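Peer 1: Sequence:
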Amino acid sequence: MRESVLDWLGQEFMVLSAEAPAEGGPEKDTRALFAAFSDALARHGLGLEHAVRSRLYGRDRAARDAGSNVRMEILSGPARCATSSYIAPARLNDGVNIAMDLMALRPGAGLEKVVRENNPPRTPCRYITCGPLMILSGQTCTDPTLETQVLGDILPRIGRYLREAGSGWDRVAEANCFLHESESAAHMRELFLKAASCLPPRFACHRVSGYSAPGKLIEVEVTATRT
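Per the numbering used here, residue 691 is the first one in the sequence shown, and the count goes up by one each step.
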């Protein structure tokens, strides 16, 4: 497991990344990984209730789906947070079916976690706020091309959510674009700049093989500050 303490946006975050040993199938592997994350957080005086973002990688659709179902059960109630999940065999070592990243926020005055659900509610929440921070779940859709997905749906939707939370494109601190392996990072960057006036301070494209449903070509995660 990789453990990092990150000082960012005026706050302290704990960032965990690990693969689950393939011992009993994706469900059991995901539970084991969350148990390991809980232990790691506890060593720093934190718990899953302090999670603000969870990212899950599965070797194939069955692994992604099973892992996502377990995560929905475990990251519920006070632990509910921004989530995303991907099919990404190239990110996994041989014999591994599930890997996860988890970010937790050190609590403090004015940092109460508030969950904004979708309407109607879905497996991922829309976003969470923690005082001056907004952490958005991965946004995606199934329109026919990358351009129509990004410019016709995903980025306009993110813009609405930013405004809803008292933020805006100029306050986006980080955007992670999980791009289908058939698409170009340069093209995604061009599309992003058609919706936003500039790239955020941290902008990255990551290659993956699939998402929660066929036909998706991109999933965009955003972290921003807010008033």
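Everything labelled a hint here was simulated from the structure, so no lab data went into it.
Every value quoted in this text rests on a predicted model; they were computed, and no experiment measured them.
Watch out, some of these pointers could steer you wrong.
What the hints assert, rightly or not - Pairs of lysine to any residue residues, derived as SDA-like cross-links and limited to a Cα-Cα distance of at most 20 Å, are as follows:
| no. | residue 1 | residue 2 |
| --- | --- | --- |
| 1 | 906 | 836 |
| 2 | 906 | 890 |
| 3 | 884 | 899 |
| 4 | 718 | 784 |
| 5 | 906 | 750 |
| 6 | 884 | 846 |
| 7 | 803 | 703 |
| 8 | 803 | 766 |
| 9 | 803 | 698 |
| 10 | 803 | 842 |
| 11 | 803 | 831 |
| 12 | 906 | 843 |
| 13 | 718 | 702 |
| 14 | 884 | 850 |
| 15 | 803 | 702 |
| 16 | 906 | 752 |
| 17 | 718 | 779 |
| 18 | 803 | 751 |
| 19 | 718 | 820 |
| 20 | 884 | 841 |
| 21 | 906 | 860 |
| 22 | 884 | 900 |
| 23 | 884 | 833 |
| 24 | 803 | 916 |
| 25 | 803 | 752 |
| 26 | 803 | 770 |
| 27 | 884 | 858 |
| 28 | 718 | 782 |
| 29 | 884 | 843 |
| 30 | 803 | 696 |
| 31 | 906 | 842 |
| 32 | 884 | 842 |
| 33 | 884 | 894 |
| 34 | 718 | 696 |
| 35 | 906 | 838 |
| 36 | 803 | 735 |
| 37 | 884 | 853 |
| 38 | 718 | 694 |
Peer 1: Hint by hint, which ones does the structure fall short of?
Peer 2: Going through the list in order, the structure violates hints 2, 3, 10, 11, 13, 18, 19, 21, 22, 25, 34, 38 and respects the others.
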